[in-house]
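From the two separate chains plus the hints, produce the assembled complex.
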Amino acid sequence: MTLNKDEAAYLLMEMYEVRAFEEQAEKSYMQGKIHGTMHLSIGQEASAVGSVSMLEPTDYILGHHRGHGLCIAKGADLNLMMSEFYGKENGYCRGRGGSMHIADMEGRNLGANGVVGGGLPMAVGVGIGLKQKKKGEVIMCFFGDGAASSGAFHESMILSHLFNIPVVWVCENNQYAMSFPSEKWMTSDTLAARAELYGFPGVSVDGNDILAVREAVEKAVEHARSGKGPYLVVNNTYRWRGHSKSDRNRYRTNEEIEEWKEKDPILRFRKYLAENKLLTEKKMDEIKDQAYANIESARQFAEASPEPALETIEEGVYAP
Amino acid sequence: MREITYLEAIREAMTQEMERDETVFLIGEDVGVYGGAFQVSNGMLEQFGSDRILDTPITELGLTGAAVGAALVGMRPIAEIMFMDFTTLASEQLVNQAAKLRFMFGGKATVPMVLRTPAGSGTGAAEHHSQSLENWFVHVPGLKVVMPTTPYDAKGLLISSIRDNNPVLFIEHKLLYKTKGEVPEEPYTIPLGQADVKREGKDLTIIATSIMVSRAMEAAEKMAAEGVDVEIVDPRTLRPLDTAPIVNSVKKTGKVLIVHEAVKTGGFGGELAAVIAESEAFGYLDAPIVRLAGREMPVPYNRNLELHTVPQVDDIYAKAMDLVKGRI
Numbered sequence: 180m181t182l183n184k185d186e187a188a189y190l191l192m193e194m195y196e197v198r199a200f201e202e203q204a205e206k207s208y209m210q211g212k213i214h215g216t217m218h219l220s221i222g223q224e225a226s227a228v229g230s231v232s233m234l235e236p237t238d239y240i241l242g243h244h245r246g247h248g249l250c251i252a253k254g255a256d257l258n259l260m261m262s263e264f265y266g267k268e269n270g271y272c273r274g275r276g277g278s279m280h281i282a283d284m285e286g287r288n289l290g291a292n293g294v295v296g297g298g299l300p301m302a303v304g305v306g307i308g309l310k311q312k313k314k315g316e317v318i319m320c321f322f323g324d325g326a327a328s329s330g331a332f333h334e335s336m337i338l339s340h341l342f343n344i345p346v347v348w349v350c351e352n353n354q355y356a357m358s359f360p361s362e363k364w365m366t367s368d369t370l371a372a373r374a375e376l377y378g379f380p381g382v383s384v385d386g387n388d389i390l391a392v393r394e395a396v397e398k399a400v401e402h403a404r405s406g407k408g409p410y411l412v413v414n415n416t417y418r419w420r421g422h423s424k425s426d427r428n429r430y431r432t433n434e435e436i437e438e439w440k441e442k443d444p445i446l447r448f449r450k451y452l453a454e455n456k457l458l459t460e461k462k463m464d465e466i467k468d469q470a471y472a473n474i475e476s477a478r479q480f481a482e483a484s485p486e487p488a489l490e491t492i493e494e495g496v497y498a499p
Numbered sequence: 186m187r188e189i190t191y192l193e194a195i196r197e198a199m200t201q202e203m204e205r206d207e208t209v210f211l212i213g214e215d216v217g218v219y220g221g222a223f224q225v226s227n228g229m230l231e232q233f234g235s236d237r238i239l240d241t242p243i244t245e246l247g248l249t250g251a252a253v254g255a256a257l258v259g260m261r262p263i264a265e266i267m268f269m270d271f272t273t274l275a276s277e278q279l280v281n282q283a284a285k286l287r288f289m290f291g292g293k294a295t296v297p298m299v300l301r302t303p304a305g306s307g308t309g310a311a312e313h314h315s316q317s318l319e320n321w322f323v324h325v326p327g328l329k330v331v332m333p334t335t336p337y338d339a340k341g342l343l344i345s346s347i348r349d350n351n352p353v354l355f356i357e358h359k360l361l362y363k364t365k366g367e368v369p370e371e372p373y374t375i376p377l378g379q380a381d382v383k384r385e386g387k388d389l390t391i392i393a394t395s396i397m398v399s400r401a402m403e404a405a406e407k408m409a410a411e412g413v414d415v416e417i418v419d420p421r422t423l424r425p426l427d428t429a430p431i432v433n434s435v436k437k438t439g440k441v442l443i444v445h446e447a448v449k450t451g452g453f454g455g456e457l458a459a460v461i462a463e464s465e466a467f468g469y470l471d472a473p474i475v476r477l478a479g480r481e482m483p484v485p486y487n488r489n490l491e492l493h494t495v496p497q498v499d500d501i502y503a504k505a506m507d508l509v510k511g512r513i
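Read top to bottom, the protein sequences are chains A and B.
In my numbering, each number is its position in the first sequence, counted from 1, plus 179.
In my numbering, each number is its position in the second sequence, counted from 1, plus 185.
It is possible that some hints are incorrect.
Claimed, not checked - Footprint (simulated), chain B over chain A, 3 or more residues, beta carbon under 8 Å:
no.	region
1	254–261
2	267–273
3	280–287
4	294–308
5	337–346
Said to hold, decoys possible - In silico EDC-like links for lysine to aspartate or glutamate, alpha-carbon gap of 16 Å or less:
no.	chain 1	residue 1	chain 2	residue 2
6	B	K293	A	E493
7	A	K312	B	E207
8	A	K313	B	D388
9	A	K462	A	D185
10	A	K184	A	E465
11	A	K312	B	D236
12	A	K212	A	E202
13	A	K310	B	D236
14	B	K436	B	D388
15	B	K449	B	D388
16	B	K365	B	E197
17	A	K206	A	E475
18	B	K293	A	E494
19	B	K293	A	E285
20	B	K293	A	D185
21	A	K313	B	D236
22	A	K450	A	E460
23	A	K310	B	E207
24	A	K312	B	D206
If you are wondering where the hints come from, they were derived from the structure by calculation, not from laboratory data.
Values in this document were obtained by computation on a predicted structure and should not be read as measured data.
Backbone N, C-alpha and C define an ideal beta-carbon position, used for all residues, glycine too.
The following block holds chain B by itself, in its conformation from the complex (with noise of 0.2 Å):
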């Protein structure tokens, strides 16, 4: 099959869409001309015109709420924000209005729109620009959170975001941007909130989100090679989680590691630790649940500080063999 990039997989997912309906619109700043700040939207201005592709000034907040207003009367937008850090500025109008017009209104009212924005550290963008916050977004009912890892995903979840009948916070990672994989060139969806076992093992379950999922398969090479068998679950979906496979997984394997790039305290492992020890799955842990995230610090500029911040391959790779080999 075809192999493309994530970003052109989520392009491409865009541009489907908006020749399939016409109430699919891009706004954001610089999507236009400039194609995007990471070019997601490349070509995207020439192809749908300016009353298609909306460029915005520096207006977070009011593009944000154009989304939701737009969204109200029948349309079905896509807001970029060009950084998650910029989200806290959107925030007013995705967490009090967004997530909270259906349910405010009895029930009466729709908000179709999806909330575009990249995530993560590793590109020397420092402390405003690396940011993972999906489950500040994660804490509110009414919002879909979902957070693609390849290029597959990315396509066949962004369609399914459009389409959905909810708002929807969709993170990308910078990091993942360029990353390749096959993409079928046909529209496809994938269902919200259904998760993915992205590699089956026996000795030991590694959930992880976003990029953590890529790192965690290059860990678990160097485990096979080691002879040990490592199961990878991607939730995909945060909101609403798929918690079935992440329980037959720990069920199968009784041991887990929990892994993404978020602050430790408060992130998303929290809850999928929550999920496990609440199930079935209980009984059948060998060790501890074990969570390897981002420190409980800022990111910070320096390519050696910012690289130790949040959870490299050997890092999982370290922890994922102390807990297999029983030193936890």
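Just chain A, with the same shape it has in the complex (with noise of 0.2 Å):
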């Protein structure tokens, strides 16, 4: 798949937005300004960024709880996310919701979602409606390696090839369900062929390639576009941060980790685009610096945003 400089420029601000939005969440969070928890996706930003850059605005996504990225890739509005995580009046959930759940309705994301596979199911509705709607949208629907092992996953692969559904199930197998090695029970390549026993057409990329994860979802969009019903993609990645706050590593070794870091998707990128010709150096530079400005604004725009009013506080819960 080639690319022209527009592309290259913009993937590559995506990317370090994603990075950039994590490191200051996570250095929000440390210093106390931001309460919960949050599951950092640093190190997976090729198959979020690659993944979603494939899909129309008018089409759907639905992503997990380590969905930072595809929240930024799918357009949300930086400071309209951190003032998410800051809990917000004026962040994406009111500050309801958190990191766990942001969800952009005008922008067509239908939330992250705090169980694991519970975006399974809600896919083949989305599925459902937009077959009934006959516009040609499709929905991406995100989960982990996780979730490809709950009863949420086999369930919702039957109903999706059974409905013939424009679905384009997208895991992100980082490897670890928090610390559950996948391996144990599962390679990328195994939980792709097992698409062909569900009924239809499954591939496993390098995930922390932006190219390949792009090349394999083009076909998979069109394949969902075009009626031919569902498409798994499963990208192989790695986080390199812990599961979540709570993590002390324990289920892997530093060694690991650092080699995992030797394959960082945004240094491939960069390489790749060098060699290439598309983006100087110092162009890049500019992308990386002009991001971690952008993601600087954000963190300020959400310290100056209200609190929820108390009064405010059981809004929501019922629609009129």
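This is the structure:
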């Protein structure tokens, strides 16, 4: 797959924004400015940005609890997203959802999910709705290797095939379901092969190679959009940080983490862009600086934003 | 007026809403060619086709989640779970997703879906096909919980549930499916959260849900023959609960018996008792608030044991007479 300079700059910017956003969120958490917990996807940027970049703005996504990158890639406003992390009234969810529940209904991001596998059955219904509306829109549903062992996965794969819906299933295999190594029961290749058994195509790719991700996802989206039904893409990747803020990394070695850091998806993409003379080092550094500046500005926006008023506490439980 | 069964009333509500609104569809196990395990959707596949009557394999979690997702993009799905016992398999999507999405997303999402399911014992279906789990879901903000008793209520409440912009759990009763009553042919709505005084009286208030309303009505006839005048209040919607008719009735009669089929501990009767105890009706009580409910046990298979697991007409009569005669 070839890229032009604008696409290259856009993708690099998105990846840097995801990286910078999560680094800032982590920092603010360590400073006690953000409470709760968060699940960082640092190291998985190529999977999120590469996959979502193949969608049209009118397409939908459903995410998982490690879905900050998906939201940014789907066009989330960084200020409103950071405000949500800070629990502020002007955040995407008015401070009610936080890190695990960012949704942007206008941007057709139907939300991240705190339940592993929670979004999978919902994607089936979104697909049923889109099929009936006949506008050629697709739903891309993200989940991790953890969700792939759940009953929700099995039921959702079956129903998506049965109803022949326009869904692209994207498994981000980051190797561990919290501490449980997915290789004990599957690999990206064997998971992708299961799609065939459910009756539709599946492919596994190097999820740290944004171009490989885009190439695989492009086929999947085209397949779904043309009415041929579901398609599974497994992005083989790795999270550098712990599962959440409680993780002490007892289940893996520092050597393993360092090995994966060598496969940094952003540096790999930079290397490709330099070798193919798409962007100069200077231009790429400028993009990086701009991404970090955008996040710094989002931090300032969030910190200056108002807290939800206590008298609004019960708003939104029911729809009128 | 024309009389039809409770089952036909439910089918008519679904059919009329599907004719009126193309975003409404039915999804469930055996709802298509089989017509539903209890024949509720019989004939609907022929009328609406397989794009709107979606037959699924055994996927309670999957089909319920499909309803949630479809609702998120503007559809109005009706999901059928064949027996209420199997809502346990669907509860992740119902409790964690459907009920919370709107609030969790800052009030920016809507989940207009209905989950229909038959509850209750009395068919000899034993432990896994006889439970009344309504109070599990009453406990979840974000859900609405409806339990109709009559064919008239079933149709009007189901149409309201389909048009409501929130997830609604619509709990039917297997033994009521074949009961008949007057039902207008044209579509009509009964607001969710509106209780109904099914019988007026002055000596005792009975608050009952689902099939216990009809059993209480029978008991009340027997008592009337003995000169006791019973008032029966049917909440119809458990969440949101319309408390005023309950409080007013207890103020009038000074005595209250609460009857439901679900196990007493943690059942909806506790909530009703608390509503009365916390209200101005408390000072009007001439006797303790009394609950009559399912025994603290699973529903057994044996016919006689099954009958004695949940309140029957004679049980309601006996308990109500005890209350009226000052024996409690």
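A quick look at each hint next to the structure:
1. 254–261: Violated - the region 254–261 of chain A has 0 residues with a Cβ nearer than 8 Å to chain B, which falls short of three.
2. 267–273: It holds, with 4 qualifying residues against the three required.
3. 280–287: holds (count 3)
4. 294–308: Contact hint for the region 294–308 of chain A vs chain B: holds, 12 residues under 8 Å.
5. 337–346: Holds, because 4 residues of the region 337–346 of chain A bring their Cβ atoms closer than 8 Å to Cβ atoms of chain B.
6. B:K293 with A:E493: holds, 14 Å
7. A:K312 with B:E207: Given pair K312 of chain A, E207 of chain B holds - Cα atoms ~10 Å apart, limit 16 Å.
8. A:K313 with B:D388: violated, 61 Å
9. A:K462 with A:D185: Distance ~12 Å between K462 of chain A and D185 of chain A Cα, so the pair holds.
10. A:K184 with A:E465: Measuring from Cα to Cα gives roughly 14 Å; hence the hint holds.
11. A:K312 with B:D236: The given pair, whose Cα atoms are some 12 Å apart, holds under the 16 Å limit.
12. A:K212 with A:E202: holds, 14 Å
13. A:K310 with B:D236: Since the Cα atoms of K310 of chain A and D236 of chain B sit roughly 10 Å apart, the hinted pair holds (cutoff 16 Å).
14. B:K436 with B:D388: holds, 11 Å
15. B:K449 with B:D388: violated, 24 Å
16. B:K365 with B:E197: Holds, at about 14 Å.
17. A:K206 with A:E475: Roughly 12 Å between the alpha carbons, so the hint for K206 of chain A and E475 of chain A holds.
18. B:K293 with A:E494: holds, 11 Å
19. B:K293 with A:E285: Holds: K293 of chain B and E285 of chain A sit about 9 Å apart, inside 16 Å.
20. B:K293 with A:D185: violated, 33 Å
21. A:K313 with B:D236: Holds: K313 of chain A and D236 of chain B sit about 12 Å apart, inside 16 Å.
22. A:K450 with A:E460: With Cα atoms ~9 Å apart, K450 of chain A and E460 of chain A stay inside 16 Å; holds.
23. A:K310 with B:E207: holds, 13 Å
24. A:K312 with B:D206: Holds, at about 13 Å.
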